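Engineer: Sequence order for the protein chains is A and B.
The opening position of the first sequence corresponds to residue 134 in the working numbering, with each subsequent residue numbered one higher.
The opening position of the second sequence corresponds to residue 53 in the working numbering, with each subsequent residue numbered one higher.
It is worth saying that the hints were derived from the structure and are not from the lab.
All figures in this text were calculated on a predicted structure; none of them were measured in a lab.
Errors might be hidden in some of the hints.
To be verified - Cβ-to-Cβ under 8 Å is the rule here; a few derived chain B residues that face chain A:
1. V81
2. A91
3. G102
4. H103
5. V106
Ideal Cβ positions, reconstructed from N, Cα and C, are used throughout, including at glycine.
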Amino acid sequence: MNGAVPTTIIVAGLALAGYALLMTALNRRVGLGLLVALGVLEILLLVLIGIIVARLVTGGRPAGLATLIGYLIAMPIVPVVAGLWGAMERSRWGPAVIAVAGLVAAVLMVRLHEIWPAIRV
Amino acid sequence: MSEPTAPPETAASRPDSTRTGPGRLLVAVYALFALSASARAVVQIATKFGHAPVAYLLSAFAAVVYILATVTLAIGNPTARRIAVLSCSVEFAGVLAVGTWSLIDRATFPDATVWSGYGSGYGFVPLVLPVFGLLWLRHWARRARTRRVIVPQATDAGEAAEIPHTSL
């Protein structure tokens, strides 16, 4: 597996976090722009999950399979929950929640690589 | 793309619970740690409990504390706030105790917990999170006191009797 998708997710996650924190600094609440950016991140995560599942199905086995499956379940949930929770907030703290989702996506890529080095970053 | 500007802090939009305003971020981060600590504890205990029982039981304990703090901060009524103060205090004591223990007695921790090395595996967020939690709860405790002084008949549950709030 080449590292294009995880690397893209790291860049997208950090970019989303930067964008969201800028919105917090500017005292904006969650709007369409942030939700679209979050949706892009979600799609990238789903693509990566597809790639990893395909690799598992074709016989690849990491040492920590249980942990990997936990990550596969948690990964797509984080942006969705962050979007809902952040959009409920009518202050600058809504975008801050979305910034956390972006940072988490980036950190998850590093952790995925630790669990299963076949997933390159 | 520009985002809508947050409305001014009016009576309708001002933070009205420990889950709104900065609390929105706090609950989100607590929920994240509740999820990761729980998942970690379940995987560790289910797959290799004998390898590091102390570390894994502490992971499970941390998970329970995080879940309790997340739920009580999200509810935010006076009783929940009291439980939240307790959970955040236990959490802070836990990070300091387990952090120190894990550095002194490495043999007991062949595998890490959330609180090992004062949460160094999680960017030290576990160390600062309870501090922010307790500061946020103190802010609410003070606010509740002020409200009782100004509106003596208001009970803790009488959120409708709040005084205007501008300090955020």
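Engineer: Go through the numbered hints given earlier and state which of them the structure violates, listing their numbers in rising order.
Structural biologist: 3, 4 and 5
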